[in-house]
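What follows is each chain in one-letter form.
Protein chains: 2
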Amino acid sequence: MSYKALTLSITSLFAGCLLQAQNNNLTQYVNPLIGTAKMGHTYPGATVPFGAVQLSPDTDTIPYAGPDGKYTGTAYRYCAGYQYDDPTIVGFSHTHFSGTGHSDLGDFLIMPTTGQLQLNPGTADKPETGYRSRFSHSNEIAEPNYYKVKLDDHNILAEMTTTTRVGVHQYTFPKSDDAHIILDLMHGIYNYDDKNTWTFVRIENDTLITGYKQTHGWAKTRTVYFAMTFSKPVQSYGYAQFKKQVYQGFWRRFNVTRNFPEMIGQNLRAYFNFKTEQDEKIKIKFALSPVSTTNALENLRTETPSWDFAAIKVKGQQQWNQELNKIQVEALNKEDMTNFYTAMYHTFLGPTVYSDMNGQYKGLDQNIHTANNFTNYTTFSLWDTYRTLHPFFNLVQPQRNSHMIQSMLAHQQQSAHKMLPVWSHYANENWCMSGYHAVPVVADAIVKGIKGFDYNKALEACITTANVKYYDGLDDYIRLGYIPDDKRGNSVSTTLEYAFDDWSIAMAAKKLGRNDVYEAFIKRSQNWKNVYDAAIGYMRPKLSNGSFKKEFDILSTHGQGFIEGNAWNFSLFVPHDPKGMIDAMGGDKKFLPHLDSLFSMHLPDEFFAHTEDITREGIIGNYVHGNEPSHHVAYLYNFTSQPWKTQERVRMILKKQYKAAIDGLGGNDDCGQMSAWYIFTALGFYPFAPGSETYQLGSPAIKKAVIHLENGNTLTVDTRNQSDKNVYVSKVTFNGIPVKGTAIDHSKLIAGGELVFYMSSKPTK
Amino acid sequence: MSYKALTLSITSLFAGCLLQAQNNNLTQYVNPLIGTAKMGHTYPGATVPFGAVQLSPDTDTIPYAGPDGKYTGTAYRYCAGYQYDDPTIVGFSHTHFSGTGHSDLGDFLIMPTTGQLQLNPGTADKPETGYRSRFSHSNEIAEPNYYKVKLDDHNILAEMTTTTRVGVHQYTFPKSDDAHIILDLMHGIYNYDDKNTWTFVRIENDTLITGYKQTHGWAKTRTVYFAMTFSKPVQSYGYAQFKKQVYQGFWRRFNVTRNFPEMIGQNLRAYFNFKTEQDEKIKIKFALSPVSTTNALENLRTETPSWDFAAIKVKGQQQWNQELNKIQVEALNKEDMTNFYTAMYHTFLGPTVYSDMNGQYKGLDQNIHTANNFTNYTTFSLWDTYRTLHPFFNLVQPQRNSHMIQSMLAHQQQSAHKMLPVWSHYANENWCMSGYHAVPVVADAIVKGIKGFDYNKALEACITTANVKYYDGLDDYIRLGYIPDDKRGNSVSTTLEYAFDDWSIAMAAKKLGRNDVYEAFIKRSQNWKNVYDAAIGYMRPKLSNGSFKKEFDILSTHGQGFIEGNAWNFSLFVPHDPKGMIDAMGGDKKFLPHLDSLFSMHLPDEFFAHTEDITREGIIGNYVHGNEPSHHVAYLYNFTSQPWKTQERVRMILKKQYKAAIDGLGGNDDCGQMSAWYIFTALGFYPFAPGSETYQLGSPAIKKAVIHLENGNTLTVDTRNQSDKNVYVSKVTFNGIPVKGTAIDHSKLIAGGELVFYMSSKPTK
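Going down the list, the sequences are from chains A and B.
To convert, note that position 759 of the first sequence is 759 in UniProt numbering; the numbers rise steadily by one, no gaps.
To convert, note that position 125 of the second sequence is 125 in UniProt numbering; the numbers rise steadily by one, no gaps.
No lab work stands behind these hints, which were simulated from the structure alone.
Keeping only pairs whose Cα atoms sit at most 25 Å apart, straight-line, the calculated DMTMM-like set for lysine to aspartate or glutamate is:
{"#": "1", "chain 1": "B", "residue 1": "K457", "chain 2": "A", "residue 2": "E204"}
{"#": "2", "chain 1": "B", "residue 1": "K469", "chain 2": "A", "residue 2": "E204"}
{"#": "3", "chain 1": "A", "residue 1": "K243", "chain 2": "B", "residue 2": "D194"}
{"#": "4", "chain 1": "A", "residue 1": "K457", "chain 2": "B", "residue 2": "D206"}
{"#": "5", "chain 1": "A", "residue 1": "K334", "chain 2": "A", "residue 2": "D718"}
{"#": "6", "chain 1": "B", "residue 1": "K762", "chain 2": "B", "residue 2": "D588"}
{"#": "7", "chain 1": "A", "residue 1": "K418", "chain 2": "B", "residue 2": "D206"}
{"#": "8", "chain 1": "B", "residue 1": "K243", "chain 2": "A", "residue 2": "D194"}
{"#": "9", "chain 1": "B", "residue 1": "K418", "chain 2": "A", "residue 2": "E204"}
{"#": "10", "chain 1": "A", "residue 1": "K418", "chain 2": "B", "residue 2": "E204"}
{"#": "11", "chain 1": "A", "residue 1": "K469", "chain 2": "B", "residue 2": "D206"}
{"#": "12", "chain 1": "B", "residue 1": "K243", "chain 2": "A", "residue 2": "D193"}
{"#": "13", "chain 1": "B", "residue 1": "K275", "chain 2": "B", "residue 2": "E128"}
{"#": "14", "chain 1": "A", "residue 1": "K126", "chain 2": "A", "residue 2": "D85"}
{"#": "15", "chain 1": "A", "residue 1": "K243", "chain 2": "B", "residue 2": "D193"}
{"#": "16", "chain 1": "A", "residue 1": "K529", "chain 2": "A", "residue 2": "D475"}
{"#": "17", "chain 1": "A", "residue 1": "K148", "chain 2": "A", "residue 2": "D178"}
As the structure is a computational prediction, the values presented were derived from the model and not from experiment.
Assemble the whole structure, with the sequences as input and the hints as a guide.
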């Protein structure tokens, strides 16, 4: 049976029926399986909001590149460890990215087995050759903070739940004299030879194991510590070592592979043997720490003092309900309810907590730091998330966002480069993607008055970041006003991104009265003009000599000077100066049909073939929603004489790109960025240019939303005459007063009140 | 010119002249070059007493085993990194063992060069192919805490000194536009592929570098952190990477090998470029930490706030003088003065400090711990040092010894095995050698009333240690009273060692009134009888079935059931029951000629060939002084009717085995054990069985010694009619009262007073 048949098509049951969200019962609308097929790269396992542990089944892991050493679509398949159409589960590991286009995690895989001990995972087509197991989706349940599956080959029921820093497993065994729990310390998502650099394991006593693992991957040097405890004493245990030790010395006197309480090496698997009665439950509490096994144990003891699996599950689900209830929506149908709350679920999966109960965490200098007065976070996929996710946090999670900003400021202090994060995870900068998009996150928070961090220090961190001359063409950019394409790839998209980021610095400086900084950066923000070729109406690679590159393809995404986007899409990337851009492109009359054609044109397959991280469904015409550079594009009509086309387009994108189905996401969810786009757009307003407090108004897809703000105010979004056909907005009022134009400010909204959209089936021209 | 010619033969200059030690000027009698040729395995570099940094030249390093994978005498050559007859210096590294038979250190090699940058060390026969340099002993000076050498190939004068945790380099350059300082992070003593597991380097600013290195060697997992600072800003810098990185990702956008402020990988070398004027000095302060680069930097700033090289040198030499002045001797000649104080110098080289200025250190669980109310120490070569070095500390360094015991107790708590150290270094148990000889160290301190640790907890740690059943035959030993030779190598020597260690537990228990423990362990201490074969008069391997092994060679040291000793020597190893042993061997009359023959027999070359860690000169007859198991043997005559033979033998051994020459040590100094034997023996009394407070009296070699005890008392050892010929003792008095028998108690001596030996050229029979 294909996963398509399993698509949650309960829409029909609820068609036409308005559903009101019930407080404390919103998790029912979250389906963690959405996005687990194809390119969504979400994981179905258990976690709490922003939890450090993501305990989820891995169905396979493959090398980061194909046999030819090149990236392919297939190579990206296992970013989240789980692909819905896979037939077997390898085990359950404790760390997962949500929706990324790359991976590095999958730490500490646990697999319960019965029968002959097997210490290799085996293969999906011959699961009996290893410890992995077949499973069936009919025996699988995924809820927020709860995952359950039957492991058919071992006749074991696996259940899992979590707290912030602890994964809790519950395995129901058959009667067996030969029951095992495998702890695979080699396992990793995107694994390859020599990725694991070091492993250390100690059997502290017959129920407590500690250790750590170091990897060299996307994060150049990453260490994760653990403490795990069994609900039942281990009868015996052992290890398998998959790389010869270079030196044994006097350790030779021991049989270190059996019942020897410590093991050290590059590639290890451990196993623990038990005898079980029929239906006997063996539980595991598995705590993580970025700092030490001592801290992991403290996390374990503090967060999970009991063995009450059900209570831990319920507590985590209550946390989810508390977060989800920050926006209580009425939607047109259950599918929209599922889309909305699953999107909200996705937005609250990360960044993840990266400090221990005692506040300690590892910094980029690999030293231990203490987060004073904030919780430290990691996994900042900023090229994605600066656009909509962090602005969303400024609306519904301002305190958490300020902690995230404090985490980024600490990162900057601890960085050898004194740069704010580009793409950071687990005390590492992996430099993924381009720009310095922590800057608009910081600027957006300053401009929106988010409390909890030092604005002037934050501005200085932005300025420093924007002046690290060896970073990705920045020296040339500062000197010439653009990055010469003959000197560096992605020269145009990076120039455009720098220009936008620079503008956000100017905005923050303006707010803080730093006119010198404002002047310098507002000037830099105009650099987009340097790569605009008026002759063809597109942004275009420019060479060192000042001329534009001759060979140039506006549809191709590779080698044309742009990252994850073609020139066609990226030419529209001037979010900080849309009017300037439209003027440059010939003004309203010329620009409108140009923009229209984006959505209506046919993108030949040859160009799609190289588009990264998205399925064919992630593209509408040549509009690529599955990658981020176009996320503001549908709102560009607001700056033209036809804003009703924004309303039409965004409702169309919501319908086409987000489905309450296993394969419902057309591209990587990208750490919640795609989902945050959904939520804002469904609510009817969108942070077009982070660093500005102005939202662009679109067309709400929900019937009503009550947003409970952290400042105690309530913002209600209400619609009149809402339906799937009435996608046009004829009027908007805020607290009864008509809103002029197509925008409304953040400060106005968070003062509380009622934003009413009057919907119509016809545009108001 | 061979090193033999360089032997310090200044004896003649001072012959017959009595020298009195001058307070504050004893370092003049220390020659750190003694033992640096052949098997002494001492290092000539700079360090302070018990210093964490041993900054010393490395003349080469070789794999831990020969090409055939087997240990050979040659393979052991570079334990201390320096061999006197080598023609070149590779550079100066910061950690060295003193006198061991194995190595694992040589961390962070610094080498200044001029001319073309070279990033490989090159070879000794072609030094111009690498960064190493030729040197001449005529341009070399080694003093306590000061080492100086001219690097001929680079025309650079290198000088070094230290504080406890900081190495201070001073390089005097010629005028050069092409001056470099290499930081070789791959370098290690006993290096081999994959020994270095990980390296992390950060250029914090143009004078400060931090980082760490992890190795997998004798210590299974060892991490050393550093912070280094230059006295002059670095002009430019770079790295060479000697192992391909498995994953580069977006780091590709940088030229990470030039002026990029961080580098991570398995095998790295870094270089720093300068321009220098003629005679310009570039200084380096290089701090170590077992915990973090933060701590290393704090150590650096606290211990070496200034750049005053001379002042740091003088301060360290004052520390040496303070320690050396604890025993002020008058010797018969300058050679004896040099022997005595160089021996004292060697005894105070280790164990070494292993906690930071803030008290933090890494424990065996690889977590960070804080040493409260003690300084943490590492490098416990206990099979060697329990015999004489720690008893020596109980006499002149009781507080430090109590800190060492607290360090061992912390080790026991942090150990996965809950065992006291066997051979531990840098937060690792390397399990080297046999027995559990931390136990007699603890017991000796309890019996001698050394203050500063909890006696009852310490006793419990000893009991726990003596019951780890999977440790080296201990299960069988406890069950059968001996280790069956068919089940485990070194069965006899280990049985004998356990029996002795058990006796020491009994002694401590007796002192603490724990009669149950006393009874249990005094019984176990008699287990030596189980491996004594009365039929042949030797200890002999016994099989599981209770019969002695048939094939058996009393002279061979390999595969006969003994470690680092043959059956002949090891059969005398019952220090806790010498009378019982003599009785078992047929009583006084039969035993005396037997013991005499040990010193007079000829050991055929075939047996010497396999004797470890010693030169031919380290053997007298079949008496092997270069290895430890016989260190008590010369004192065995005290338990016979001919104690004068002890006097004769020990004076002969002092003369034959210790010479004030570069090649003056006949075997490994073994972390000060050989030197401690020298000191006690030269003073005229010896801790025959640690765990007892009784010293056996021998024949002092000095003229007079004033021992300044920590309790404020003074113990004076004086001789009458002393000369090289008057080796026999006709009478001993303590505070004027004749000492009966051949022994005197520790408690008596530390009450202070005058121990007078009346010397004679003829034995008192």
